[in-house]
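S.K.: In case you want the letters, here they are:
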Amino acid sequence: MSKPNYDRTHHAKMATGIGDPQCFAGKAGEPKFKVGDRVRVKDLPDLFYTRTMVYTRGAEATVVRLVYESPPAENEAWDNTDDVEWFYSIVFKQSDLWPEYNNTYEADTLETEVSERWLEKA
Amino acid sequence: MTSSTRNEVHTHLAMMGQVQPALHNETHAPSPDMIDHTLWRAYTRSCHDVGGEYDIPIRYEEKEEEIWELNTFATCECLAWRGVWTAEERRRRQNVDVGQTAYLGLPYYGRWLLSAALILVDKQFVTNIELSDKIAEVKKRYE
Amino acid sequence: MSDKDHGHSHKAAPMVEEVSDFEILEIAVRELAIEKGLFSAEDHRSWTEYIHTLGPLPAARLVAKAWLDEDYKKLCIEDGVEASKAVGVDWIEGMPTKFGTPSDYCNLRVLADTPKLKHVVVCTLCSCYPRPILGQSPEWYRTPNYRRRLVRWPRSVLSEFGLQLDDDVEVRVADSNQKTRYIVMPTRPEGTEGWTEDQLAEIVTRDCLIGVAVPKPGVTSNATRPVRKALKPVPHDH
Chain A
1 MSKPNYDRTH HAKMATGIGD PQCFAGKAGE PKFKVGDRVR VKDLPDLFYT
51 RTMVYTRGAE ATVVRLVYES PPAENEAWDN TDDVEWFYSI VFKQSDLWPE
101 YNNTYEADTL ETEVSERWLE KA
Chain B
123 MTSSTRNEVH THLAMMGQVQ PALHNETHAP SPDMIDHTLW RAYTRSCHDV
173 GGEYDIPIRY EEKEEEIWEL NTFATCECLA WRGVWTAEER RRRQNVDVGQ
223 TAYLGLPYYG RWLLSAALIL VDKQFVTNIE LSDKIAEVKK RYE
Chain C
266 MSDKDHGHSH KAAPMVEEVS DFEILEIAVR ELAIEKGLFS AEDHRSWTEY
316 IHTLGPLPAA RLVAKAWLDE DYKKLCIEDG VEASKAVGVD WIEGMPTKFG
366 TPSDYCNLRV LADTPKLKHV VVCTLCSCYP RPILGQSPEW YRTPNYRRRL
416 VRWPRSVLSE FGLQLDDDVE VRVADSNQKT RYIVMPTRPE GTEGWTEDQL
466 AEIVTRDCLI GVAVPKPGVT SNATRPVRKA LKPVPHDH
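Residue numbers (my numbering), protein chains in the order written: chain A, 1 to 122; chain B, 123 to 265; chain C, 266 to 503.
These are calculated hints, taken from the structure and not from any lab test.
Remember, predicted model here, so these are calculated numbers, not experimental data.
There could be a bad hint or two in this list.
[Said to hold, decoys possible] Straight-line distance between alpha carbons at most 30 Å, and here's what the computed BS3-like set of lysine-lysine pairs gives:
(1) C:Lys339 / C:Lys494
(2) B:Lys245 / C:Lys350
(3) A:Lys3 / A:Lys42
(4) B:Lys185 / B:Lys261
(5) A:Lys3 / B:Lys256
(6) A:Lys121 / A:Lys3
(7) A:Lys34 / C:Lys338
(8) C:Lys481 / B:Lys261
(9) C:Lys494 / A:Lys34
(10) A:Lys93 / C:Lys381
(11) B:Lys245 / B:Lys262
(12) C:Lys381 / C:Lys350
(13) B:Lys185 / A:Lys3
(14) C:Lys481 / A:Lys13
(15) B:Lys256 / C:Lys481
(16) A:Lys42 / A:Lys27
(17) C:Lys481 / B:Lys262
(18) C:Lys301 / C:Lys350
(19) B:Lys245 / B:Lys261
(20) A:Lys13 / B:Lys245
(21) C:Lys301 / A:Lys13
(22) C:Lys363 / C:Lys338
(23) C:Lys350 / C:Lys338
(24) B:Lys185 / C:Lys497
(25) C:Lys350 / B:Lys256
(26) C:Lys481 / C:Lys330
(27) C:Lys494 / B:Lys261
(28) C:Lys339 / A:Lys32
(29) A:Lys27 / C:Lys381
(30) C:Lys301 / C:Lys330
(31) C:Lys363 / A:Lys27
(32) A:Lys34 / A:Lys93
(33) A:Lys93 / C:Lys363
(34) A:Lys27 / A:Lys13
(35) C:Lys363 / C:Lys330
(36) C:Lys301 / A:Lys3
(37) C:Lys301 / B:Lys261
(38) C:Lys481 / A:Lys34
(39) B:Lys262 / C:Lys339
Produce the complete structure using the sequences and hints provided.
M.R.: Following this line, the structure appears as structure tokens:
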């Protein structure tokens with residue numbers, strides 16, 4: 001079997017002096033969602049790797065910031081950086097995530113980041 | 123009570139947390155009809171995804187760093203710096219590919235180290251036997 | 266038998282150094298990587314040196330500066346990477362790679378508390394942490410235990426740290442699961458009127474910057490916790 005040839009300079013060429021995720025800016029196209037949108041996290045198949053926590057799936061949240069563009073972790077984990085998506089910081093009410101969360105603490109929230117493929121309009 | 127009694131009390135209480143009833147299923151290579159969707163999800167999930175799982179209050183500690191741990195961290199970052207892997211590849215390998223048992227059974231930096239060893243072999247920078255030979259050679263230095 | 270009776274002294278048998286499987290593998294991996302030209306010994310040395318420069322002081326100073334300057338505070342909230350420059354942290358070029366650290370990326374966000382909003386940070390998936398501005402993460406932050414519990418039972422976990430928030434305070438857990446890294450900017454405590462930036466920075470401890478503690482006049486270190494000893498510890502704290 002032949003040995004694969006890895007270009008070990010690829011990431012450095014892309015990101016030196018620029019930064020990561022800055023090096024992916026402008027590659028994702030138009031964002032689908034904007035600040036203030038209500039979104040729901042889809043329970044997509046996530047075989048072998050995901051960074052969209054199962055505890056968020058099916059729950060609704062509010063977009064609070066468009067944070068950066070980047071390849072989704074599910075692909076970047078195999079060094080595949082071809083497809084770039086917008087990443088959103090979204091905020092959940094804790095009472096929407098955990099059935100036992102006491103409504104004494106009705107104001108409590110959780111903020112985390114999700115890439116566009118995981119989101120649908122709520 | 124003397125402090126040795128208090129020590130024994132707390133050792134006992136901690137031990138009882140490990141003594142659990144166990145129902146053993148014959149789960150070695152089950153037939154497919156024995157795996158429903160819930161079990162499928164349990165076995166195929168990304169094992170680093172622990173948020174929201176039940177756990178108990180424990181005494182949180184600080185920890186002195188081992189020299190090998192610091193070296194491992196630097197090795198992993200240098201491997202990424204010089205393009206052998208990206209940090210995301212490392213996380214996938216180190217925090218998910220290792221599997222559920224190693225994930226909870228090995229030390230944090232133990233997984234970093236094993237993953238660094240495996241990337242060298244997987245990407246064919248080193249053969250598996252070269253790695254084994256090197257381990258044997260290093261071991262010999264300490265005999 | 267004394268040494269006087271011989272023409273030479275008896276040396277003690279050399280101590281057999283106890284070496285763990287981890288140490289052996291670490292040496293093997295590093296030496297192989299260097300032999301195969303994947304990185305150089307100098308690369309490894311310079312990375313270790315870089316890590317030794319890291320600690321929580323720059324983040325503490327960022328918070329102190331923000332407490333004293335409303336415009337800087339706005340910059341911190343809007344653009345944490347730009348704000349970091351004022352405390353000597355360049356997330357892109359301030360380390361040997363010149364493209365950020367591989368594991369910490371270049372997207373710091375500063376989470377500003379208010380009297381009605383308390384942030385606390387976790388990485389449920391691993392232990393992502395803003396090393397360039399805060400140093401290495403504490404052991405407890407890396408545990409599955411903290412990562413399981415903080416997102417679901419934040420007030421319980423915080424009370425174990427000695428921190429309890431009023432019912433009408435919004436406790437917001439930030440789960441740093443992607444490329445953003447967070448530090449918490451706590452609210453400035455009472456009893457610090459007229460303080461200098463240095464005095465203010467002194468009370469912003471690492472635990473305050475993670476969000477499991479709040480700054481208090483007179484408290485300049487993290488709460489005391491047991492310290493698990495290493496078998497062969499790194500010579501000094503970093």
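S.K.: Each hint: holds or not?
M.R.: Taking the hints in turn, this is what the structure says about them:
no. : hint                : verdict
1   : C:Lys339 / C:Lys494 : 41 Å, violated
2   : B:Lys245 / C:Lys350 : 38 Å, violated
3   : A:Lys3 / A:Lys42    : 39 Å, violated
4   : B:Lys185 / B:Lys261 : 27 Å, holds
5   : A:Lys3 / B:Lys256   : 21 Å, holds
6   : A:Lys121 / A:Lys3   : 46 Å, violated
7   : A:Lys34 / C:Lys338  : 24 Å, holds
8   : C:Lys481 / B:Lys261 : 51 Å, violated
9   : C:Lys494 / A:Lys34  : 49 Å, violated
10  : A:Lys93 / C:Lys381  : 15 Å, holds
11  : B:Lys245 / B:Lys262 : 27 Å, holds
12  : C:Lys381 / C:Lys350 : 29 Å, holds
13  : B:Lys185 / A:Lys3   : 42 Å, violated
14  : C:Lys481 / A:Lys13  : 46 Å, violated
15  : B:Lys256 / C:Lys481 : 53 Å, violated
16  : A:Lys42 / A:Lys27   : 23 Å, holds
17  : C:Lys481 / B:Lys262 : 54 Å, violated
18  : C:Lys301 / C:Lys350 : 37 Å, violated
19  : B:Lys245 / B:Lys261 : 25 Å, holds
20  : A:Lys13 / B:Lys245  : 21 Å, holds
21  : C:Lys301 / A:Lys13  : 22 Å, holds
22  : C:Lys363 / C:Lys338 : 27 Å, holds
23  : C:Lys350 / C:Lys338 : 13 Å, holds
24  : B:Lys185 / C:Lys497 : 12 Å, holds
25  : C:Lys350 / B:Lys256 : 44 Å, violated
26  : C:Lys481 / C:Lys330 : 17 Å, holds
27  : C:Lys494 / B:Lys261 : 24 Å, holds
28  : C:Lys339 / A:Lys32  : 27 Å, holds
29  : A:Lys27 / C:Lys381  : 38 Å, violated
30  : C:Lys301 / C:Lys330 : 47 Å, violated
31  : C:Lys363 / A:Lys27  : 22 Å, holds
32  : A:Lys34 / A:Lys93   : 19 Å, holds
33  : A:Lys93 / C:Lys363  : 39 Å, violated
34  : A:Lys27 / A:Lys13   : 16 Å, holds
35  : C:Lys363 / C:Lys330 : 26 Å, holds
36  : C:Lys301 / A:Lys3   : 15 Å, holds
37  : C:Lys301 / B:Lys261 : 20 Å, holds
38  : C:Lys481 / A:Lys34  : 38 Å, violated
39  : B:Lys262 / C:Lys339 : 59 Å, violated
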